[in-house]
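Visitor: Protein chains in written order, with my numbering: chain Z, 1 to 98; chain Y, 1 to 598.
Rather than coming from a laboratory, the hints here were simulated on the basis of the structure.
Take the hints with a grain of salt, since some may be wrong.
As the list claims (entries may be wrong) - Label pairs and their in silico Cβ distance ranges:
1) Z:Phe28 x Y:Lys537: 28 to 36 Å
2) Y:Glu518 x Z:Asn24: 33 to 41 Å
3) Z:Arg54 x Y:Glu230: 18 to 26 Å
4) Z:Ile60 x Y:Glu230: 20 to 28 Å
5) Z:Asp85 x Y:Gly458: 40 to 48 Å
Claimed, not checked - When the alpha-carbon atoms are kept at most 30 Å apart in a straight line, the in silico DSS-like pairs for lysine-lysine are as follows:
6) Y:Lys208 x Y:Lys29
7) Z:Lys30 x Y:Lys562
8) Y:Lys327 x Z:Lys38
9) Z:Lys77 x Y:Lys462
10) Y:Lys284 x Z:Lys38
11) Z:Lys38 x Y:Lys132
12) Y:Lys285 x Y:Lys222
13) Y:Lys132 x Y:Lys285
14) Z:Lys77 x Y:Lys562
15) Y:Lys363 x Y:Lys226
16) Z:Lys30 x Y:Lys29
17) Z:Lys30 x Y:Lys216
18) Y:Lys216 x Y:Lys226
19) Y:Lys29 x Y:Lys363
20) Y:Lys132 x Y:Lys226
21) Z:Lys30 x Y:Lys537
22) Y:Lys327 x Z:Lys30
23) Y:Lys227 x Z:Lys77
24) Y:Lys125 x Y:Lys210
25) Y:Lys222 x Z:Lys38
26) Z:Lys30 x Y:Lys284
27) Y:Lys125 x Z:Lys77
Virtual Cβ for every residue (Gly too), placed ideally from N, Cα, C.
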Amino acid sequence: MGDHLNGYGTSEQFVLNEAALKQNITVFVKLFATFRDKRFMTRHMEFPVRSTVREVLQAIHIPEEEVAICMVNGHSKEIGHELADGDTVSLFPPVGGG
Amino acid sequence: MNAYVGTVLRINLTENTVKCEPLDVETAKKYIGGRGLGSYLLSQEIDPEIDALSPENKVFITTGPLTGTTVPTGGRYMVITKSPLTGTIASSNSGGFWGPELKNAGYDIVVLEGKAEKPVYISIKDDQVEIKDAAHLWGMKVNETTDTLLEEFGDPKARVLCIGPAGENLSPMAAIMNERYRAAGRSGVGAVVGSKNVKAIVVRGSGKVKIADEEKMKAFVKDAMKKIRENGVTGQGLPTYGTAVLVNIINESGVLPTRNFQTGVFADAEAISGETLSAEYLVKKDPCYRCPIACGRYTKADEMEGGGPEYETIWCYGSDCGINDMKAIIKANHLCNEYGLDTITAGATIACAMELFEKGYIKPEEVDGPELTWGNAEAIIEWTKRMGTSEGFGAKLAQGSYRLAESYGVPEYSMTVKKQELPAYDPRGIQGHGVQYATSNRGGCHVRGYLISPEILGLPEKLDRFSLEGKPLWAKIFQDLTASIDASGMCLFTSFALGAGDYADLLSAAWGVEVTAEDVLTAGDRIYNLERIFNLKAGLTKADDTLPKRLLEEPLPEGPSKGWVHKLDELLPKYYEVRGWDADGVPTAEKRKELGLE
Ligand code: SF4
């Protein structure tokens, strides 16, 4: 072990980073309109690092095609968007008005 | 006659005369009808510089060729006149059942001109049209007026359009109401009717609208119904929650105007959301004529029940006034319906007053009622009443936020465009929607080109709401399509599911001539330019195509749109360019020629 681990420096540091990578992230999930039926309004949920919105949907049993608007921290994102610790995910079925 | 019924009913109130004139069908088709034809006739018949509340102004109540037909949502009518609020052309749209009833009685358009000596109402029973005394109705609120007239008319199936006390008092936020809860709400059209001493128009018709090709129409209607049902917004979202479902989406995006647009995030949004409205206050749905969407709500809070509230009303009386009390909002909405007030201008004016109070411009000793403090539920209810009756300080509020703020020397606190209150979307975080606000021909308005659809809802495709790229063209196309839908007699909400080609199909079946998607958009462009030319003749200039200073200079302070201002300077020249207007925003000779507007 040693220099071939580009960017990580010593093996001791490598071990530390690996531990960090294994930690879960916590995201705040907010559901709206009919998505709330038999589910919840808001919930803090844990996911493995590098999870995307897709994993959130799987965990709460919402079929991808039912999602019309997906926001992460108030910005519209694709289902494949990778989440970071502390993110807020807001999910809406098709809704609109004026 | 296909799709039109062929008659214009002209009522001269000064001379106390009623005249039927044949509709010029060729001109009607050029402008489709409704908003387009009404704008053309207004431009022909009045000098755009006149005082909106003078007898020289006229009111055109127009239906579209699809009004009263079998097309889904074909129940709309429009009111076109010069606006006392903005000084621009006004064209306010309403649903319900009044428009189809007018056509069934045999009229495409009713024109009100001159001024009656004493209060009157108009009674229409097919070809029996009478101008009747309304002394006993003057001062009545909308429900009482409706009940009284239905009884007098002697037919519970008659449809009543009327103004409330606000229109009688010539408040520039007065609406025209029909079937109690439906409103041609914006730009003070109710005050123009009031200025003519007209209280109401009751109508009952026994005819039927004929169209050219029944077979074709059947097929196109079936197709349109299918698209509306299968579309998530029109088939699911709007039917379940009404328009109020937007509260949470817009708040999550950080563009829900709060405390007179001081921020775009409201901490108590959930309390005033569509989800809360449905769970706790909804009694039933209240759809318009032949509408499968049925976005209309009928709600109850304590002793007050009736139609609404819409998203816009919940917003302006809610987050914009710092209010998290849904009951108070529902009550304020019902009072607006009763007094005949435009809910957007009414609520947003109270919000402006609250900021003027907070900043010390309005002094506590001037205020002869509840304190104008953020979140004061009693204030929104009581001041709505007093705007409706123009009582005490309420009379000052009843002039709208621009005249209110201007009277204190600080018009910049009025969140208006062309003196009309902006609706419920902060354009700092929705750049395309902002250019649409600045260039709307009736001032601050969201239903002249609803860019919320692509920029927030992702329909028909998702646009980055902060990007400026391509937005001027999007604004133009949405404005043009909207103008044609408003002219056709259908509800704008169908456009979540239908495109220009669908409207073209429905018009072809109605008229019996080939109509293409391009024709529909060109007609919309023509209507838009016609309105623009009216406004320029009325004295408006490029300087009026702007946004409140706050939105151009103060970045949003928090939330997902934090740090953004609206970049109108960059967007406006490009918008003029895609419109075919010169650098001063004047349609070029070439453009006018192309649209047949010389
Ligand atoms: S969508 Fe709503 S406003 Fe439009 S016609 Fe239907 S009920 Fe009326």
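Visitor: Indicate, hint by hint, whether the structure satisfies it.
Guide: So, going through the hints one by one against the coordinates:
Evaluation of the 28 to 36 Å hint for Phe28 of chain Z and Lys537 of chain Y yields a failure: the beta carbon distance comes to about 54 Å. Here the CB-CB span from Glu518 of chain Y to Asn24 of chain Z is close to 55 Å, at odds with the stated 33 to 41 Å. A hinted range of 18 to 26 Å for the beta carbons of Arg54 of chain Z and Glu230 of chain Y is consistent with their spacing of about 25 Å. For the hinted restraint 20 to 28 Å between Ile60 of chain Z and Glu230 of chain Y, the CB-CB distance of approximately 25 Å keeps it satisfied.
Between Asp85 of chain Z and Gly458 of chain Y the C-beta distance comes to about 27 Å, which lies outside the given range of 40 to 48 Å. A threshold of 30 Å between alpha carbons decides the hint, and for Lys208 of chain Y with Lys29 of chain Y the separation of about 20 Å falls inside it, so the pair holds. In summary, the hint linking Lys30 of chain Z to Lys562 of chain Y is supported, as the alpha carbons are separated by about 20 Å, within the 30 Å threshold. Between Lys327 of chain Y and Lys38 of chain Z the CA atoms are separated by roughly 26 Å; this keeps the pair inside 30 Å, and the hint holds.
As the CA atoms of Lys77 of chain Z and Lys462 of chain Y are separated by approximately 10 Å, the hinted pair is consistent with the 30 Å bound. The hinted pair formed by Lys284 of chain Y and Lys38 of chain Z meets the criterion: a straight-line CA distance of about 23 Å does not exceed 30 Å. At roughly 58 Å between alpha-carbon atoms, Lys38 of chain Z and Lys132 of chain Y are farther apart than 30 Å, so this suggested pair is violated. Restraint check for Lys285 of chain Y and Lys222 of chain Y: the C-alpha separation of about 23 Å stays at or below 30 Å, so the hint holds.
This hinted pair does not check out: Lys132 of chain Y and Lys285 of chain Y have alpha carbons roughly 35 Å apart, beyond 30 Å. Among the hinted pairs, Lys77 of chain Z with Lys562 of chain Y is consistent with the structure: their alpha-carbon atoms are about 18 Å apart, no more than 30 Å. Distance restraint check for Lys363 of chain Y and Lys226 of chain Y: the Cα-Cα separation of roughly 57 Å exceeds the 30 Å cut-off, and the hinted pair is therefore not satisfied. A hinted pair counts as satisfied when its Cα atoms are at most 30 Å apart, and Lys30 of chain Z with Lys29 of chain Y does not qualify at roughly 49 Å.
Restraint check for Lys30 of chain Z and Lys216 of chain Y: not satisfied, since their Cα atoms lie roughly 46 Å apart, outside the 30 Å limit. For the suggested pair Lys216 of chain Y and Lys226 of chain Y, the alpha carbons sit about 16 Å apart, so the restraint of at most 30 Å is met. Between Lys29 of chain Y and Lys363 of chain Y the CA atoms are separated by roughly 55 Å; this puts the pair beyond 30 Å, and the hint is violated. Of the supplied pair hints, the one linking Lys132 of chain Y and Lys226 of chain Y is violated, its CA atoms being roughly 45 Å apart against a limit of 30 Å.
The hinted pair formed by Lys30 of chain Z and Lys537 of chain Y fails the criterion: a straight-line CA distance of about 51 Å is larger than 30 Å. The suggested pairing of Lys327 of chain Y with Lys30 of chain Z holds, with an alpha-carbon distance near 25 Å, which does not exceed 30 Å. With a C-alpha separation of about 26 Å, the suggested pair Lys227 of chain Y and Lys77 of chain Z falls inside the 30 Å cut-off, and the hint holds. A threshold of 30 Å between alpha carbons decides the hint, and for Lys125 of chain Y with Lys210 of chain Y the separation of about 19 Å falls inside it, so the pair holds.
A C-alpha spacing of about 34 Å is found between Lys222 of chain Y and Lys38 of chain Z, which places the hinted pair above 30 Å, so the restraint is violated. Of the pairs offered as hints, the one joining Lys30 of chain Z and Lys284 of chain Y holds, with about 27 Å between alpha carbons and a cut-off of 30 Å not exceeded. The hinted pair formed by Lys125 of chain Y and Lys77 of chain Z fails the criterion: a straight-line CA distance of about 56 Å is larger than 30 Å.
The structure fails hints 1, 2, 5, 11, 13, 15, 16, 17, 19, 20, 21, 25 and 27 (numbered hints given earlier, in ascending order).
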